Structures are given as structure tokens and as C-alpha cells.
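The whole structure should be built from the sequences, with the hints applied where relevant.
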Amino acid sequence: MIDSGFDRRDFLKVMGWGGTAVALSGCGNTSIEDGKETVVSYVEAPDYVIPGVGVYYNSTCAQCDAGCSINGKVREGRVLKLEGNPASPINRGKTCGLGQAGVQHHYNPDRVREPLLRNGDKGETITWEKAYALIAEKLKGVKGEEIAFLSGGVSGHLKALLGNYLDSIGCKNHYVYEALAPGVVRAANKKAYGVEMPRYNINKAKVVLSFGADFLGAWVSPVHFSQQYAQFRKGVDGQRGVLIQVESKMTLTGANADRWIPVRPGTEGILALGIINALGTTSGEIAAAVKEYDKARVSKETGVPPGHIDKIAALLKLRSPSLVLVGSAAEGYAHGSQNAAAINLLNHVLGNIGKTVQAASSVPFPQLSPTKGNTAALKSLNDGLAAGKFKVVFNYAANPVFTAPGAMKFKDNLAKAGFKVAFAHYLDETALQADLVLPLDSALEDWGTQVPEYLADGAQINIQQPLMEKLHANTRGMGDILLTLIKQRRADSYKNYEDYYAYLRAAMLQNKGALGGGGLDEDAFWNETLTKGIIKMSGTTVALSGRTGASGLTVPGAVECDEQYPLQLIPGVNISLRDGRHSNQPWLQESPDPLTTIVWDSWVEIHPKKAAELGIVEGDIVEVTSRTGSIRVQAYLFPGIHPDAISIPIGQGHEALGRYAKGYGVNPFQILDAIYDKETGELAMHETRVKVSKTGQRVIVVKDESAAGAKQIREKIAGRMSTDEVDLSKEV
Amino acid sequence: MSVSNLLENWSQFRHFHPVDDKPHDPYKWAMSIDLDACSGCNACSVACYAENNLPVVGREKYAHGHVMHWMRIEHYWDEDVGEEGGREFPDQGAQFLPMMCQQCEAAPCETVCPVGATNHTADGLNSQIYNRCVGSRYCEANCPYKVRYFNWYDYPTTDNVWPAEMTQQLNPDVTVRGKGVMEKCTFCVQRLNAAKVAAKSEGRIVHDGEVQTACQQACPTSAISFGNLVDPESRVHKQWQAQQVEIDKEKQAKDMQEGGTELRGYRILENMRPYPSVMYLERVRESAV
Amino acid sequence: MHRFLHMSVLLTGLFAAAIGFAAESPQPVSMTEDSLGPLVEQPIDFPHNRHAGDADKGGMQIDCRYCHTYARRSAVAGIPPLQKCIGCHQSIESVRETPRIKKLFEYWDAKKPVPWKKVHDLPDFVRFNHERHIKRFVEQQNRPVQEACGYCHGDVKEMTVARRSKALSMGWCASCHEKDHPVTAEGGTPIGGQAYWYGFQKPAVADASSGALKAKGPNDCWQCHK
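Chains as they are written, first to last, in our numbering: chain A, 9 to 740; chain B, 117 to 405; chain C, 13 to 238.
Just so you know, not all the hints are guaranteed correct.
Said to hold, decoys possible - A short, non-exhaustive set of chain A residues, derived as facing chain B with CB atoms under 7 Å:
#1 Leu88
#2 Gly105
#3 Val607
#4 Met729
Stated by the list, open to error - Okay, the calculated beta carbon distance ranges per label pair:
#5 C:Pro50 <-> B:Gly251: 50 to 58 Å
#6 B:Gly251 <-> A:Gly85: 29 to 37 Å
#7 C:Glu109 <-> A:Ala499: 28 to 36 Å
Since the hints were derived computationally from the structure, they do not count as laboratory data.
Only a predicted model underlies this, so the values are computations on that prediction, with no experimental measurement involved.
We put the CB at the ideal spot given by N, CA and C, even for glycine.
Okay, here's the thing in C-alpha cells:
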């Protein structure tokens with residue numbers, strides 16, 4: 009401190025800093041805020057409502073139609089988290105990602121909150137009274153055949169009420185449409201087993217041979233099948249189950265297979281017949297039918313090495329019972345019904361009927377049984393719209409402007425309809441075309457019953473009850489809307505029901521005995537029903553019957569190559585986005601696709617060999633062109649696809665549906681050709697042929713995996729043990 | 117006072133756990149994940165987002181690597197798939213690995229925090245105290261599993277992360293983190309605390325199965341097992357025992373046998389000696405097909 | 013040179029602050045400038061003194077837990093639902109027309125909750141559990157309710173609306189957790205290593221005279237920080 013130019017003033021300054029430091033430490037050591045936040049207390053609260061402790065209510069998940077039962081945690085009047093209801097045989101307390109995201113469907117900022125009437129390009133808010141009056145007015149004098157009602161699959165009391173309403177207005181055109189529906193599988197099952205959806209006991213099988221059925225991902229009832237799969241892996245008699253997946257594009261289930269077998273697109277039926285041939289256990293009609301399908305021929309047509317066919321046949325013979333599933337991949341073709349017939353035949357030949365393919369339960373109340381959606385309905389509707397047949401069109405739980413193949417020109421045809429009403433949660437592409445949009449209560453705010461298509465352990469009716477008060481004052485439950493509408497025509501029959509809740513309660517109480525509440529008084533039964541969340545009923549089992557022969561069984565050969573459009577487009581079904589209805593739920597957009605880990609975007613999966621041929625690397629923006637149209641999408645090199653095929657996931661490419669969906673990715677539906685299965689009229693989703701060309705642009709793919717491209721490089725952290733190396737006997 | 121506490125317990129805060137004369141008692145939370153059951157469906161990841169107020173960062177920030185998934189599913193092909201001279205197709209499927217904070221007993225992250233925001237709890241968890249964190253990110257750099265996530269932005273005030281109404285979904289038992297704070301999987305400590313409180317009020321400890329983490333509760337294949345490792349009745353304890361994996365060893369006795377082991381249980385990056393509390397059961401593939 | 017001097021003085025100041033913190037204080041810092049919270053105006057000027065106060069001061073000596081029922085079974089003590097107030101006041105004719113009661117019934121008739129302002133508002137990153145504290149001090153150690161509640165909330169029976177009168181800072185809470193408390197379960201026996209569970213790595217200390225086990229409160233960060 010000699011001659012530093014440090015003077016008295018500086019000294020005081022520095023002391024000040026030091027002093028401040030001391031002073032600061034001496035006070036302000038509390039972050040307590042008083043009087044800033046408000047405590048909103050209850051006015052009247054039941055005993056079981058304790059602030060700070062969650063109350064759990066059972067309801068039914070509506071994110072897909074599997075009908076899993078959910079248990080919602082409600083704190084201080086709002087639902088926070090959804091869990092599975094342990095009492096339901098379908099999901100037994102488990103949920104999938106979609107189920108978890110159900111709260112984002114409910115709290116979504118882009119929900120429609122008011123009835124909207126079209127005025128040019130805009131939607132103006134009107135009152136419900138005006139909306140109902142407008143509907144009555146538009147229906148006046150309109151004949152029944154000029155009215156169309158488009159909906160997704162419906163079941164339970166809503167189906168009954170809807171049926172009654174359509175009856176009251178004379179409408180016979182109820183189109184039940186699901187963009188992704190196992191329509192061909194249902195028809196084929198009906199022929200082969202006598203029922204559309206038998207019970208598949210994956211957990212009782214020693215081998216599951218799945219022809220494209222993505223039962224762990226998005227097929228039918230994934231949560232239920234996943235649980236069965238876990239048991240299947242633990243094994244029947246201590247022997248671990250073996251999964252073989254046959255498909256052209258790897259699905260989530262395929263990624264979990266012990267053996268994934270890529271086949272030339274459309275040749276799954278040929279492979280099935282080849283396996284029957286290789287089994288060598290059949291005689292008579294079936295043996296004659298498969299005689300031509302020897303290993304050499306089958307191998308040539310499907311691309312599956314003969315050695316594989318032998319191994320599969322050997323395993324199926326050795327380990328019984330097995331289970332053969334036919335799924336979406338097999339039915340995406342114009343000969344899909346024939347594929348499915350051949351594949352279902354395998355179950356008969358292997359003797360699985362009655363063991364792993366079992367009788368389904370029937371619901372004792374057929375009026376509540378699900379009316380299942382399919383894609384053939386869309387074609388009928390489209391034809392009617394094109395002909396200008398409809399003066400009034402209603403739309404509920406379907407988004408065909410987004411999911412209809414571009415070749416159908418659905419949007420243009422819809423414009424020909426007179427007055428269009430959409431019952432919607434969000435302004436999706438179809439609602440944007442409507443003249444009147446009526447806002448719905450979310451699935452977590454509404455009452456209802458639901459009967460799933462795939463019943464697990466006997467018949468059940470799922471109860472849907474509100475998990476909290478309505479978020480938006482002016483939305484209405486679909487049941488309430490239908491009740492108001494039906495009262496326009498049949499006021500007397502429904503005058504005792506002031507709302508849908510009353511209707512539902514009365515309907516359930518009327519059948520109290522059959523629903524298992526015989527000994528209870530009305531209130532007790534109702535409360536118990538709501539508490540449990542499901543009603544298990546003793547339904548009769550519909551025995552399996554069906555043709556076991558092979559008469560008339562033909563499977564066409566592999567398609568010749570189309571020079572102009574050399575590749576087959578397989579629209580991929582992503583576990584989170586499904587048909588695109590959940591693209592506005594940000595958790596699902598941010599949830600990486602399990603196979604590519606790509607988020608918030610679309611991609612086209614190209615086999616590395618094919619990509620090398622075309623000179624495409626990851627991130628290249630390529631143009632995918634079909635006869636119908638073309639889209640541009642980033643390329644992703646994916647070894648889990650047949651080189652003759654490419655795959656673009658559906659669900660992205662929204663032009664509406666809110667901030668989390670709009671503008672992300674591309675919609676492959678736009679370029680799908682309108683090709684249908686010959687027998688059922690279902691849309692053959694994989695029949696569109698395309699060509700791929702580079703645009704010269706390249707982007708960095710936004711994905712979760714590293715640039716190392718899903719390889720572990722040096723240190724192996726996730727490996728595999730072979731069954732002959734591992735000892736599973738002492739496991740817990 | 118807090119500094120003296122820190123100094124006095126320095127060895128416990130920064131030490132390899134459990135410390136010899138103070139074993140984990142009565143709780144040591146651990147997990148066991150069966151990779152043969154894991155189907156890679158991502159339900160656990162979404163459940164974690166729901167339970168722990170995780171922000172959705174959106175596409176642009178995801179591209180920058182700022183995603184916040186505490187539980188992530190890693191997806192791997194075999195090394196030779198798609199390579200020169202290798203297999204053309206991944207004909208034995210893929211590997212899925214759920215990865216989250218391994219709650220290491222000798223956590224590399226605990227020793228490097230300049231302000232002591234991450235410590236070891238008495239029941240065997242690696243704690244992360246948000247209001248203490250100053251955002252040096254040294255812990256993230258040190259983590260061998262890269263399971264720590266940094267809040268590069270103030271997500272509560274960022275557009276479209278939690279727009280109105282979506283804020284009602286937030287879990288009040290979990291802090292909503294602001295900018296500059298590190299976060300990671302907590303084994304759903306809020307659920308553990310609630311369960312411990314309930315049990316304590318009844319004068320007992322938490323039974324096996326009474327508390328579940330969000331990921332465990334959602335998993336459709338029940339691949340995740342979670343519980344108290346020092347409770348001999350718990351499933352997790354039995355699994356670790358059956359697999360002959362001991363938490364305080366970096367090389368398990370079974371692996372040192374000639375010819376390796378027929379047991380599936382292993383821990384990731386065990387040789388780096390963080391002593392993780394998560395055991396994985398290796399995936400199995402059928403040899404007959 | 014210059015810079016060195018600045019730095020060293022600044023650092024000295026900082027160290028002084030740090031040491032000030034480090035000084036072990038066995039008693040909770042009872043009254044500092046932070047202890048007294050601001051007087052928060054409530055929609056209804058609720059008189060705790062009238063309800064909970066001593067009889068000789070005109071109070072009705074109502075137990076805290078009669079209204080704040082959630083304290084014994086939840087993390088939050090809670091404001092009672094409006095029906096709790098109405099439950100008594102619907103039949104108390106003598107005060108029915110007073111301004112505060114009239115206001116109360118306005119809320120009741122409109123079925124709107126009273127928008128009470130939160131006092132004792134801990135930061136969002138803190139987890140405080142009332143149930144454990146009530147169980148420990150009121151039910152197990154049989155302390156009088158007003159002493160137990162009053163330790164943190166002050167002498168509420170002298171107040172009208174509640175006003176914070178303790179620091180409620182981390183240091184204040186932790187200083188109580190630093191004290192040894194008897195650790196017993198139902199019937200008086202500790203369960204297994206439960207005593208240990210309380211103090212992070214601190215074993216229970218046996219009281220020389222009674223032999224009862226004692227331990228300090230939790231000082232594991234994640235017990236109280238979310």
C-alpha cells in the first residue's frame with residue numbers, strides 16, 4: 009500500500025462495498041411473501057376433499073378407442089394427472105403416452121369455446137339458442153336421405169341417443185369412419201373365426217407370429233396387449249415367448265421382435281401359405297391349396313430366405329400353442345382380404361383356435377355395443393358428397409379433410425354440401441370447412457359410457473365422468489347437445505331428462521339388475537358405479553366358428569415394378585400421433601418417435617441401400633410424388649424397411665388444429681391414391697406408388713438420437729443375450 | 117449456521133455412499149428395469165412430463181439440444197446394421213434403453229457443484245435443490261450418463277410452454293423451474309415424501325408397492341421396478357439379489373467368473389465407479405429363430 | 013496494487029458476512045426485522061381474538077383445529093370452507109346484522125368463496141408439511157395446541173386477522189430442526205432406525221435420565237425443498 013494512488017475517497021468506496029456485503033447478509037434472509045397470493049378456499053366441501061391431498065376419480069380415456077379406464081388425480085378442483093384404473097381388465101392400472109396426454113387435450117389453449125357461425129371467412133360467436141334454432145331451421149323440409157351424419161366409432165349410450173336422433177330426423181346416412189381401422193382384419197376374422205374381434209391371448213402363446221400387427225404400438229388395444237406381452241416374455245411353463253414380426257416397414261412391435269422379417273410389400277399372404285406348406289402338417293383341401301407355395305417360389309416372391317421359412321416352421325411345430333396375428337401391414341393392399349385369409353388360416357392349421365384365439369365376449373346390451381368405424385364409409389360419404397346429394401352434413405369425432413386420401417378430393421366434395429355442422433373440440437381442418445361449429449366439453453369434463461371393441465376379460469361398460477368443472481362456460485357435452493336436438497323432434501319422449509346426466513342415470517338405473525346392482529338401492533348403485541369406473545357384466549361368449557377350409561383362397565403374386573413410380577409408400581402409424589388427432593398435444597409432439605427419435609416433424613424412411621442408389625443422405629429434402637400429388641419431406645436413412653418401400657408417418661402436416669399442430673411436417677394422406685381392398689372396400693393404405701427425387705435442399709434432422717445414428721460406438725451399454733446363454737429360471 | 121453444517125457433514129455430502137457406519141436405513145431407493153419387457157413405447161417419458169412439470173421446449177430449442185426429458189428412451193441398432201459388410205436389416209429388432217438419473221452413490225455431479233445444490237439424501241437419492249443452483253453446469257458436464265438438463269430459458273414465461281389453462285395442470289408438489297437452474301430425475305421425490313409422511317403418521321415405514329414413481333406406474337409392460345433396496349421383502353431387493361448385483365461394487369463377483377455370467381442384471385458404466393442405483397436386466401433374443 | 017486492495021477489502025467484507033452466518037445459534041432467531049410481516053388487509057376483518065381468544069378477554073377459546081381442520085391430515089392447514097363459518101353464525105342472532113357478518117352472508121348467498129390473502133406464504137420451492145408437525149408436537153408430545161401452532165404462527169389469539177410474527181426463513185426453521193426432540197411412535201417405542209431417518213447421518217441421542225431416544229429434525233435438503 010505504498011504509492012498506489014489510492015486515496016481516502018477510494019478507501020471509503022471500497023469499505024462501502026465490503027460493508028454492503030455485510031449489511032446484505034444481515035437482512036433479507038427470508039423469501040416470505042405476505043399478502044401477495046390469494047387463497048381460494050371452498051364454499052362447501054365434502055369430507056373427503058382435503059386441500060393438499062388429491063382425490064381420485066375414475067373415468068375412461070378417450071384418446072383412442074381401446075377404452076382403457078383411467079384414474080384422475082384431482083387437487084383443489086382441477087385434474088392434474090391421469091393414471092390407469094387398476095380395476096379394469098383392459099389396462100389394469102397402466103396407461104400409454106396418449107393416456108397421459110389426455111390432460112393436454114383438456115387444457116389445450118386452442119379449444120373452441122363458443123358456438124361459431126360462418127360469416128365469409130370468419131366464424132362469429134353466436135348463442136347456443138341461436139345455434140339450435142339454426143339447425144332446426146336448416147333441417148326443416150329436408151328429406152332423410154339428404155342428411156348425412158359422419159362420426160368416428162361410437163358406443164355406449166351416446167350411440168343409442170345418436171341412433172334415436174338420426175331416426176327422429178329420418179336420416180339413414182350415418183357414416184362411421186375411422187382413418188385407421190382394422191376393417192379388413194374384422195371382415196377376415198368374421199370369415200375365419202365367426203367373430204370380428206376374437207380374444208387374442210398373447211400371454212398364453214409360446215410363439216407370436218405377427219404379420220404387421222403393431223400390438224405394442226398402435227393396434228387395437230396396445231396397453232392391454234403390452235401387459236400380455238410382458239407375461240409372454242416371462243413365459244408359459246417358464247419358457248420365454250418368441251416374437252416374430254413380418255412386415256415391410258418396422259413398427260414398434262417389429263423393433264421388439266426376436267426375428268424381424270422384411271418382406272416385399274404385399275406378399276405377406278404368400279409367406280403365410282409358404283409357411284403352411286413348410287409345416288407339412290396339412291392334408292386335403294388346404295394341402296392342395298398350398299402345394300404351389302414351395303420354399304423356392306415363396307422365397308423368390310417375398311424376398312425371405314428359405315432358411316428363415318424353415319426355422320419359423322420348425323419353431324411353430326415345436327412350440328405350441330402359438331398365435332398368428334394379421335395386422336395393418338397385411339391389409340394395406342387391394343388384395344388385403346386375401347392376405348388376411350391366408351394368415352388366419354395359419355391359426356387353424358397350427359391348432360391355436362380355442363387356445364390363443366378364443367371366443368369373444370358379447371355385450372348383453374347390443375344397443376351399447378360399439379359401431380366401429382372403417383374407411384369404406386368414407387368412400388360412400390365422398391361419393392354422396394360428390395353427387396351433391398346432401399343438404400345437411402353433421403360431423404363428430406372425425407377429420408376427413410385431413411385424413412382422406414388426396415385422390416378422393418374430399419374437401420372439394422364437402423364444399424358441395426349445403427349446411428355443414430361440426431361438433432368439435434378444436435378447429436381442425438374439417439371444422440374449418442363447416443358453417444356452424446359447436447364446441448364440445450373435453451373428455452375429462454363429460455359424462456358417458458363406452459364399450460370398447462376389444463374386450464379383455466369378459467364384457468364391460470366403461471363409465472366416463474367429469475374429473476372437474478367445465479373449463480369454458482360455453483362448451484357442451486355431446487350427449488347434452490344430442491338431447492337438446494332430439495327434443496326438437498321428440499319433446500315428449502325425452503321431457504323427463506333435463507340433461508344427458510339425467511338420461512344416462514335413468515338408463516343405467518333402469519337396467520340395474522342386469523348391470524349387477526340388483527341388491528342395491530338406486531343411489532347406492534349409481535355411486536358404486538361411478539366409484540368403480542367400470543361395470544363388469546357377464547356376457548355370453550360368442551363361440552368361434554368360421555371356415556377352416558381353404559376353398560377359394562388365392563393370393564396374387566408380387567406386383568411387377570412400375571417404372572415411373574418404383575417405390576411403394578407405406579404411411580407409418582406413429583404410437584403418439586396415430587391419425588393426427590393428437591398432434592396438438594405438445595407432450596406427444598415432443599415425444600420422440602421410438603424408431604427414429606425424430607420430433608416435431610415428418611420424415612421419409614428410406615433404406616440405406618436405396619438411399620445410396622439415389623444419392624440421398626440424411627436431411628436431404630426429397631420430393632415424394634405419386635399419381636395424386638407430391639410432398640416435400642426430409643429424408644432419414646432407416647435400415648428397418650424394405651428397399652422397395654419408403655415410409656412417411658401420418659399425423660403431421662396439419663393446416664389447422666392449433667398452434668402445436670399447424671405447420672409441422674407434411675401429410676402423406678394428401679398424396680395417397682384411392683385404391684381399395686377388393687372384397688371389403690376398405691382403403692388400401694399401402695398401395696400408393698411413388699417416386700423420390702432430390703430437391704437439392706438439406707436440413708439437419710431434429711431428433712433425440714446422436715449424430716452417431718443410433719449406434720453405441722465403443723462402450724456397449726445396451727446389449728442382448730441369446731436364450732442359450734441366459735438363465736432365466738431364478739428371476740423374480 | 118448453514119456453513120458450519122456443510123463443513124461438519126462435508127464427508128457425507130461429498131462422499132461415497134452409504135458411509136460405513138451409517139448405512140441407508142430404513143430406505144434406499146433403487147430401481148430395476150427389465151429391458152426385455154421394455155417395448156420403447158415412451159409412456160414413461162410422457163408420464164414424467166406430466167408428473168414433474170417438465171417444459172415442452174418446441175422444435176427450435178430441441179434442435180439445439182435443449183430438450184428436458186428427464187426420462188428418455190435411447191434407441192440403438194446393432195453395430196453392423198446398415199454398415200459395409202454388415203447386415204442389411206436389423207433382423208433382431210432394436211434395443212431400447214430408458215435412461216434417467218441413476219442416483220449414483222458416488223455421484224460425480226455432487227462433488228463439483230460450487231454451491232452445494234446437489235447432495236445425497238439419507239434415503240439414497242441424489243438431490244437437486246433448485247433455489248440453490250446458480251447454473252454453473254459443472255454437474256451436467258461431469259455426469260457420465262448425461263441425464264442432467266439445464267433450463268436455458270425461463271420456460272414459465274416463454275410463449276406456448278404453459279399457456280393459460282395449461283398452467284392448471286402443473287403439479288403443485290414440484291417446483292416450476294426458472295431460468296438458469298439444473299434439473300434431473302428425482303425418482304419422484306414428491307411421491308416418496310408423501311408416502312413417507314403417510315407411513316410415518318401411522319408409525320411404520322413405507323411398504324413395498326405403496327409408492328410408485330410416475331414412470332413405473334405408467335409402464336404398460338411393467339418393465340420398471342422401484343422400491344426400497346434395503347427392505348428384504350421388496351421386489352427390487354429380491355431382483356438385485358437374484359441377479360447378484362451389489363450396489364457398492366464396481367465389478368460384480370459374477371462377472372469375474374470364467375465364461376462370464378448367465379444372469380441378465382447389470383449396471384451401466386459401472387466400471388466408472390459412480391455406483392448407480394439402477395440395475396438393468398439385459399434384453400434377450402431367441403436363438404432358435 | 014490498487015486492485016489488490018479493493019479485492020482484499022471486498023473479500024474481507026464478504027467473509028465477515030459469511031462468518032456472521034456461520035455462528036451457531038441454538039435458539040431460533042426469534043425477532044429480527046424480518047420477523048414481523050406486513051399487516052395484510054383481508055376481505056373480512058376476521059377477529060381471531062374473538063374466536064380463539066381467552067374467555068376473560070371475551071374470546072370463545074375455540075381450538076385452532078376446529079376451523080383449520082386440514083392441519084392434522086394434510087401438508088396445508090387450510091382456510092376452512094365457508095360453511096364452517098355459517099355453521100355457527102346462522103344461529104347467532106346477536107351479531108347477524110353486524111357489517112362483517114353481513115358481508116360473510118353475502119359471500120354465502122352468492123356461493124362465492126372469500127378471497128383471503130395468503131399470509132405465511134412460503135416460497136414455491138419449499139415443502140412444509142403441517143401434518144407431521146401436528147402429529148409430533150400436539151398428538152405425540154401433547155403440547156397445548158396454541159403453543160404448537162403459535163410457535164410458528166405467533167400469538168394468534170391476540171390478533172384479528174393473522175399477521176406473520178416469525179421469520180419463517182430457512183435459518184429459522186432449521187434452527188428448530190437442530191434441537192433434539194424425543195422420537196417416539198405410538199406407545200412410546202421408536203421404530204427401527206426411524207430416529208436415524210430424521211437427522212441426516214445424525215444418530216439419535218439417548219437422554220441420560222429418561223432413556224428416551226432423541227433426534228434432531230430433518231436436515232436433508234430434499235425433505236423441505238421441492
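Any hints this thing doesn't respect? Which numbers, in order?
-> 5 and 7
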